[in-house]
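Residue numbers (this note's numbering), protein chains in the order written: chain A, 1 to 110; chain B, 1 to 115.
In case anyone wonders, no lab produced these hints; they're calculated from the structure. Among the hints, erroneous ones may be present.
Computed cross-link-like contacts, EDC-like style, restricted to lysine to aspartate or glutamate with a CA-CA straight-line distance of at most 16 Å [what the hints assert, rightly or not]:
(1) A:Lys97 - B:Asp56
(2) A:Lys15 - A:Asp81
(3) B:Lys103 - A:Asp81
(4) A:Lys97 - B:Glu57
(5) A:Lys97 - B:Asp97
(6) A:Lys22 - A:Glu8
(7) B:Lys103 - B:Asp86
(8) B:Lys103 - A:Glu79
(9) A:Lys9 - B:Glu57
(10) A:Lys9 - B:Glu41
The structure displayed is predicted, hence computed values, not measured ones.
One-letter residues, chain by chain:
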Amino acid sequence: AQRVTQPEKLLSVFKGAPVELKCNYSYSGSPELFWYVQYSRQRLQLLLRHISRESIKGFTADLNKGETSFHLKKPFAQEEDSAMYYCALSGGSGTYKYIFGTGTRLKVLA
Amino acid sequence: NAGVMQNPRHLVRRRGQEARLRCSPMKGHSHVYWYRQLPEEGLKFMVYLQKENIIDESGMPKERFSAEFPKEGPSILRIQQVVRGDSAAYFCASSRDSATNEKLFFGSGTQLSVL
Numbered sequence: 001a002q003r004v005t006q007p008e009k010l011l012s013v014f015k016g017a018p019v020e021l022k023c024n025y026s027y028s029g030s031p032e033l034f035w036y037v038q039y040s041r042q043r044l045q046l047l048l049r050h051i052s053r054e055s056i057k058g059f060t061a062d063l064n065k066g067e068t069s070f071h072l073k074k075p076f077a078q079e080e081d082s083a084m085y086y087c088a089l090s091g092g093s094g095t096y097k098y099i100f101g102t103g104t105r106l107k108v109l110a
Numbered sequence: 001n002a003g004v005m006q007n008p009r010h011l012v013r014r015r016g017q018e019a020r021l022r023c024s025p026m027k028g029h030s031h032v033y034w035y036r037q038l039p040e041e042g043l044k045f046m047v048y049l050q051k052e053n054i055i056d057e058s059g060m061p062k063e064r065f066s067a068e069f070p071k072e073g074p075s076i077l078r079i080q081q082v083v084r085g086d087s088a089a090y091f092c093a094s095s096r097d098s099a100t101n102e103k104l105f106f107g108s109g110t111q112l113s114v115l
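Here chain B stands alone, though its shape is the one from the complex (with noise of 0.2 Å):
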């Protein structure tokens, strides 16, 4: 099992044009959550998915910000039009069930990076 894979490691886009983030669970695991970790703050939480649901963004910022998780293929966080303010390292992490007493398996994050 390669764990929690995600895609691109480092990611550099320009003001205004979009970026993918990409992250494959864990085999067996169909509870994704995505976090961002900004420069010196900690990780924060941004949207727990499951598998074609989103079952809560109350960490996303309202606009621009997206994420999916299709019955086939891996969970893309999408950022539209993007900004300065964007540079960081988006964490994603997965588990069997929900996280009540599940430990997270994370990601190796991707950095990104808005020029």
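Chain A extracted, bound-state conformation (with noise of 0.2 Å):
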């Protein structure tokens, strides 16, 4: 079955700690792989994904194929990061249907 499971439903974090979000999935084929982002009140929005490789706002992801993971980290955390993260994967080329996971909210303390 597809899945995108994030066992944390809330990480609490101090600013300046480093922060990692798990994302596990399971997929038949070869899914891309995606983090959105929450912030209050505002849009879910894209935050980076697998195929771009790239840091956004300090965040990287890196897939790992072998244990099925797509764990979002950054090395230190601002209190600006504290929001809603939903990671995400679709089929690859060609699909639309995302699969999203439940979500966990980090909170960056002072």
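Given two chains presented individually in distinct reference frames, assemble the corresponding complex, making use of the accompanying hints.
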């Protein structure tokens, strides 16, 4: 079955501490993986995608096919990183049926 | 560009009533996607529409739910005879082309509460 699992509903870290938001997936083909973020009172927006291999706002995510994971990491959390983060996958080229995880709320404490 | 606009933000209906959710895609976007987020769950794909066409409605419940994207005006997600289980956040997204490698732009969602 196709599934995205985000095991943590809430993650609290102190400002300056490293952050890792976990995401595991189950998919039989070659998916594309994404991280979406929703800041307070704002819309869901794309943070990064694995095919771009980029760092956005200091966040990176590496696709580990062996562990079927796509964890989101940042070495030093900032207060403005506090938001809801969703991991998502799509079935690769030609599909729009994104499958989302249940989300992790990140709280960065001063 | 105001982005994807959804209204209303909150909609309260009694069981048996009809709910109409509207979505205006971003300017220049002709592809619209509806997602539903039930409590404690992730967003789930419902339907994909282009202007005047339903491309894929495989995620939509077979009964009571319908969607349209007319030539003029917003996309409408319609739920007839709502039940408590329909209470959820409904998100609309749009893209310029089919979301092969296009990112989706999301609206703020409509929170439907069925009493």
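Hints and how they fare:
1. Restraint check for Lys97 of chain A and Asp56 of chain B: the C-alpha separation of about 10 Å stays at or below 16 Å, so the hint holds.
2. Annotation: proposed proximity of Lys15 of chain A to Asp81 of chain A holds, straight-line Cα distance about 10 Å (limit 16 Å).
3. As the CA atoms of Lys103 of chain B and Asp81 of chain A are separated by approximately 21 Å, the hinted pair breaks the 16 Å bound.
4. Restraint check for Lys97 of chain A and Glu57 of chain B: satisfied, since their Cα atoms lie roughly 11 Å apart, inside the 16 Å limit.
5. A hinted pair counts as satisfied when its Cα atoms are at most 16 Å apart, and Lys97 of chain A with Asp97 of chain B qualifies at roughly 14 Å.
6. Taking the CA atoms of Lys22 of chain A and Glu8 of chain A, the gap is near 7 Å; set against the 16 Å cutoff, the hint holds.
7. For the proposed pair Lys103 of chain B and Asp86 of chain B, the alpha carbon gap of about 27 Å is over 16 Å, so the pair is violated.
8. Among the hinted pairs, Lys103 of chain B with Glu79 of chain A is inconsistent with the structure: their alpha-carbon atoms are about 26 Å apart, more than 16 Å.
9. For a cut-off of 16 Å, the pair hint linking Lys9 of chain A to Glu57 of chain B is broken: about 30 Å separates their Cα positions.
10. At most 16 Å may separate the alpha-carbon atoms for a hinted pair to count; Lys9 of chain A and Glu41 of chain B meet this at roughly 11 Å.
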